[in-house]
Amino acid sequence: MIRRVALFLVLAILLTGCAGQRPSRYSRMYYDAFDTVIQLTVYAQAEPDFSAFEEELSRLDAVFDRYAEHPGICGLWALNASGGDWLEIEPELYELLTLCKQWWEKYGDRVNPGMGEVISLWAEYREAGEGVPSDRELSQAAEHSDFSSLELSEGRARLTDPEMTLDLGASAKGYAAGVLQEMLLEEYDSFLLDMGGNITACGEKADGSGLWQVGVRAPETGGILLTMRMEDLSASTSAGDQRYYEWNGVRYHHLLDPETLYPANFVRQVTVLSENAALADYFSTLLFVTPVERALALAESVPEIGAIFVLNDGSVQMTGNAEKWVEE
Numbered sequence: 000m001i002r003r004v005a006l007f008l009v010l011a012i013l014l015t016g017c018a019g020q021r022p023s024r025y026s027r028m029y030y031d032a033f034d035t036v037i038q039l040t041v042y043a044q045a046e047p048d049f050s051a052f053e054e055e056l057s058r059l060d061a062v063f064d065r066y067a068e069h070p071g072i073c074g075l076w077a078l079n080a081s082g083g084d085w086l087e088i089e090p091e092l093y094e095l096l097t098l099c100k101q102w103w104e105k106y107g108d109r110v111n112p113g114m115g116e117v118i119s120l121w122a123e124y125r126e127a128g129e130g131v132p133s134d135r136e137l138s139q140a141a142e143h144s145d146f147s148s149l150e151l152s153e154g155r156a157r158l159t160d161p162e163m164t165l166d167l168g169a170s171a172k173g174y175a176a177g178v179l180q181e182m183l184l185e186e187y188d189s190f191l192l193d194m195g196g197n198i199t200a201c202g203e204k205a206d207g208s209g210l211w212q213v214g215v216r217a218p219e220t221g222g223i224l225l226t227m228r229m230e231d232l233s234a235s236t237s238a239g240d241q242r243y244y245e246w247n248g249v250r251y252h253h254l255l256d257p258e259t260l261y262p263a264n265f266v267r268q269v270t271v272l273s274e275n276a277a278l279a280d281y282f283s284t285l286l287f288v289t290p291v292e293r294a295l296a297l298a299e300s301v302p303e304i305g306a307i308f309v310l311n312d313g314s315v316q317m318t319g320n321a322e323k324w325v326e327e
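Just so we're aligned, residue 0 is where the sequence shown starts under numbering that gives the first Met the number 0, counting upward by one.
Be careful, since some hints might not be right.
[Unchecked claim] Using 20 Å as the maximum straight-line C-alpha spacing, the simulated DMTMM-like pairs for lysine to aspartate or glutamate come out as follows:
#1 100 with 160
#2 105 with 203
#3 323 with 231
#4 323 with 160
#5 323 with 256
#6 105 with 145
[What the hints assert, rightly or not] FRET-style restraints, in silico, Cβ to Cβ:
#7 71 with 274: 45 to 53 Å
#8 314 with 160: 40 to 48 Å
#9 70 with 311: 24 to 32 Å
#10 256 with 207: 44 to 52 Å
Simulated from the structure, these hints should not be mistaken for laboratory data. In this text, a Cβ means the ideal position worked out from N, Cα and C, and glycines have one as well.
Work the whole structure out from these sequences, hints included.
If you want it as structure tokens, here you go:
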């Protein structure tokens, strides 16, 4: 059985009086991008035209999709299929790959975009809902996973190991949220973009109720663990109780320890907050797959982020930067 759950809960505050003088709230749901349910909520004086947003969302999904070819788009699928040749790629893909290289070199290799074949192997077992990969299968899948095999130059990329498969699941949604955020800011001062485990809040709620209140879901129970007050801020959650299956009483989720090639089990859940949506997405995965003491120290050392950990014993630890956004 594959489980996917909502990781954030947007809390509503109802106001009375003067409502007619304020912008109205409009929401749209999307089900066919980034393998998740996406909800956009904006405040506007008149009903918005979401067509430009929808087109950009669809285009970005195609750019970062590694599973299918998209004619006219030189995205991740095309790069993986390029056979080691230099390829001029979409600018968004080039920028994100550049960021991933920088983060990989600065923060270590526990998030490895070159592990696409290992990720695919586990996905096959997850879809089947039974069994686990053998050590031999995992070893073979990991043979071509050296991320340094990616070379970048002036808008072009190539894989010096053409058998390596790139996967940007740890950062693509967050990066796309940042691109969409910049686009939406051209039209709206107040909006919330929820892309599954990634949420971006801009401005205060234009109904006069103040900052956006977003509840972080408690792992296992599905209740509200705590409430964040968000303005011009992104949050990303990685958790062991999403995208998983169970076999012989053991849960196997999709977030892999690069050393064992098995699902990481250092913590139950990590939520990262940052003004940079791509960085929040990347770090939620990085901290989840890093041994907990190292992860806590790393999170404290990066001023651009705040982190909220749910440890395996159910206790909560958060960095100083996260505390300022959490409602007491």
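Which numbered hints turn out to be false for this structure? 2, 4, 5, 7, 9
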